[in-house]
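Colleague: Here's the letter readout for the chains.
Protein chains: 2
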Amino acid sequence: MKPIGPIPPGFEAIDGELAIGGYKASALVEQAVRTPLFVYSQERIAARISHLRAAMPAAIRIHYAVKANPYLPLLEFMRGQVDGFDIASSGELSLVQTAGIDPAIVSFAGPGKRDEELEAAVVAGVTLNCESEGEGRRIISCAERMGVTPRVAVRVNPDFELRGSGMKMGGGAKPFGVDADRVPDLARQLIDAGVKWRGFHIFTGSQALSSKAIIEAQANVLELAGRLASELGHAIPKLNMGGGFGIPYFDGDAAIELAQIGEALHARLGDLPDELQNTELCLELGRYLVGEAGVYLTRIVDRKQSHDATFLVTDGGLHHQLAASGNFGTVVRRNYPVAIATRFGAEPEEEVNVVGCLCTPLDRLADNAMMPKAEVGDLVAVFCAGAYGATASPAAFLGHGAAAELLV
Amino acid sequence: MKPIGPIPPGFEAIDGELAIGGYKASALVEQAVRTPLFVYSQERIAARISHLRAAMPAAIRIHYAVKANPYLPLLEFMRGQVDGFDIASSGELSLVQTAGIDPAIVSFAGPGKRDEELEAAVVAGVTLNCESEGEGRRIISCAERMGVTPRVAVRVNPDFELRGSGMKMGGGAKPFGVDADRVPDLARQLIDAGVKWRGFHIFTGSQALSSKAIIEAQANVLELAGRLASELGHAIPKLNMGGGFGIPYFDGDAAIELAQIGEALHARLGDLPDELQNTELCLELGRYLVGEAGVYLTRIVDRKQSHDATFLVTDGGLHHQLAASGNFGTVVRRNYPVAIATRFGAEPEEEVNVVGCLCTPLDRLADNAMMPKAEVGDLVAVFCAGAYGATASPAAFLGHGAAAELLV
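Sequence order for the protein chains is B and V. Counting from 1 along the first sequence, just add 5 to a position and that's the residue number in this note's numbering. Counting from 1 along the second sequence, just add 5 to a position and that's the residue number in this note's numbering.
A couple of the hints might just be wrong.
Claimed, not checked - Reference excerpt, derived from the structure (chain V facing chain B, CB under 7 Å, subset only):
1) 47
2) 55
3) 78
4) 96
5) 114
6) 115
7) 307
8) 328
9) 332
10) 396
Just so you know, the hints here were simulated from the structure itself, not pulled from any lab data. Glycine residues also receive a C-beta, built at the ideal position from the N, C-alpha and C atoms.
Okay, chain B solo, but in the shape it has when bound (with noise of 0.2 Å):
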């Protein structure tokens, strides 16, 4: 037997269902006429970032990191609840374009911007963060090319790393940003290129769970931009002091402190350096925002025994969700917090094996999971699907085609 991960709190059942947004899993199924489906609830995305609001000082500005889900209705709500957005290439800029964002609270990073994705950003007005030295020179050329005046960051290579993360962004050699010791050179050509000067992009990593760690990366952050600024000689406009909140997926997880990373850092601003004073601060977050308030529901379309195993094969599987199929850059495959929406909160009954209907056995859904006993036409969910799900999975792998999705 191996556990289940730990579903987010908060979710109820009605009529023995399970609920998203007040709405049966089965009605929501209803309402996009077809499984496999995302659903993501407003509701949930609301109330975490008022939290995060409530814990953090007020000072701090809120980013949506947009790559961890850019459903388009999504973007649109999110518009209305944080206070800038970061997007990773043209095709995203064009959906915050489309999701009616201003360019103007925008920043877009990445380490392999094409010279059209370059004109399309300064020409949009989006903030650039500068990867590179060549990336710089390749910003100023392409912004006298078109007659304006680019708005550009640097994105910083720090010289640590943000513990315990999933993904470590710093700490030696990287292709994202400039090693922190070239910074105060490349921003000061830039500056006096005449681009209109926006600071400093600072991602130390992505996915951490111990609060501790995320507390000594932001003062990390901190001390270093006050460092870099000082030695620049120049005000810093902007620092975005990356993300990094992690959410529980797996069995032994637990959910971040946010009252103590609040504390920390509230107490941090009370003692900035002079350079950072006027700084305008923010969190860049896409997982912690809407990891959790998402759910893929999938239906079981067979039942059956091999050998002395039981597996429930479903409609879905690793073509929408590959992180929970455990092959997205996984070692161990663990499973994600997973249970029978049509049978929510029932006890479980045996142990039981579920897959995606890919002909591979790399599809799995859960494995040697204790659930309630499921039958053909019963709804699976897999929760923590509202980030890195639809859009980080091959979706046209053995041509079943893409998920629905559903804002609600």
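Assemble the complex: chain B is given as a structure, and chain V must be docked to it using the hints.
Modeller: Structure of chain V alone, referenced to chain B:
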């Protein structure tokens, strides 16, 4: 330094550039108008199939597993090259129909076929590889609803595996097929219900590089099919023996020995049990037919230094080449065969990291690889990109969009 995987034999340079199907890499990119670009060589696919046919006994039919690469022009080309097609979804059914492929030579396997998929397949006249007793009942009731006699084979979950295969599809509890000991009963029920009986599908694994293991698995498959046929007491019109022929991706991998496999199979065919004397035997191959015929071309957008490491940042990445990035069910990341396409055959001069344009540390195409010195604008080639590339990757991730594809 980490070794690079072996470049498939036969690729040559024209004017110092990698040539594919007689065209220089830069000319192909011009024709496609953009990068990244998958190029598939008809010539290489045809040569592979003709070597395969020469090595195998004449009676063996060759089927193409569409999931390996469902690019429509490639499917249309394959129509004239192979004897049958295997699909895994109704999406792939639409594709083979669009490609003008006769449904009578198509079979459909997959553990989670929905009722709509069964209906589409029954109406089209493709053979359904039945994966469970429950699916058997659904096929029959669906055929009654549609007023059509369905063509049905039974997919067998064998008690043995293809040793050393990248993915095991047999040996123990599996979501695929029906445990061998229950197959005769299910087959009899289907025959009694009046289906057009098509035989067995026995798939034991994929991506095996040991010729001995393939020979052993084929012997076991024939033995099992004979035993099941004898228990069933019915002739077996067709036996899909699976595939599993691997291709070399990594340093140290060697190609399988077709001649040995063909000789062993030839000997087996001379010694078939009575029940299989009139059985049509086929091999279902995907990766082996098209994998080495494909090259992924991506352009270097930035060349940068971080600490003591050099990064070549490309406009491609894991959104098109998930497996090459080492994130698709891989435990230890190793380098695929990779080269600087615009300096093909030049001496390696420096150790570099080739990364994609995605803003995630997972997006790597080659780590610590010795390469000729490359600059912004140069093209990088990732080989073995003909199978499980474009559609087995999260194309929507971070909004960069799909790659172009070209059959030459």
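Colleague: Could you check if residue 47 of chain V really has its C-beta closer than 7 Å to a C-beta on chain B?
Modeller: With a closest approach of 22 Å, the residue 47 of chain V hint is violated.
Colleague: Hint residue 307 of chain V vs chain B: min CB-CB distance below 7 Å?
Modeller: holds, 5 Å
Colleague: Using Cβ atoms only, decide whether residue 114 of chain V comes closer than 7 Å to chain B, and label the hint accordingly.
Modeller: holds, 6 Å
Colleague: Can we keep the residue 396 of chain V interface hint, with Cβ of chain B closer than 7 Å?
Modeller: Interface hint status for residue 396 of chain V: holds (4 Å vs cutoff 7 Å).
Colleague: Would the hint on residue 96 of chain V be counted as holding, given a Cβ-Cβ threshold of 7 Å to chain B?
Modeller: holds, 3 Å
Colleague: Per the CB criterion, is residue 332 of chain V less than 7 Å away from chain B?
Modeller: With Cβ-Cβ at 4 Å, under 7 Å, it holds.
Colleague: Take the shortest C-beta to C-beta distance between residue 55 of chain V and chain B; is it under 7 Å?
Modeller: violated, 28 Å
Colleague: Less than 7 Å between beta-carbons is the criterion; does residue 115 of chain V satisfy it with respect to chain B?
Modeller: holds, 5 Å
Colleague: Mind checking the CB of residue 78 of chain V against every CB in chain B and telling me if the closest is under 7 Å?
Modeller: Violated. Min distance 16 Å.
Colleague: Should the hint that residue 328 of chain V touches chain B count as held when the rule is a Cβ pair under 7 Å?
Modeller: Cβ of residue 328 of chain V sits 10 Å from chain B, so the hint is violated.
Checked against the numbered hints listed earlier, the structure breaks hints 1, 2, 3 and 8; every other hint is satisfied.
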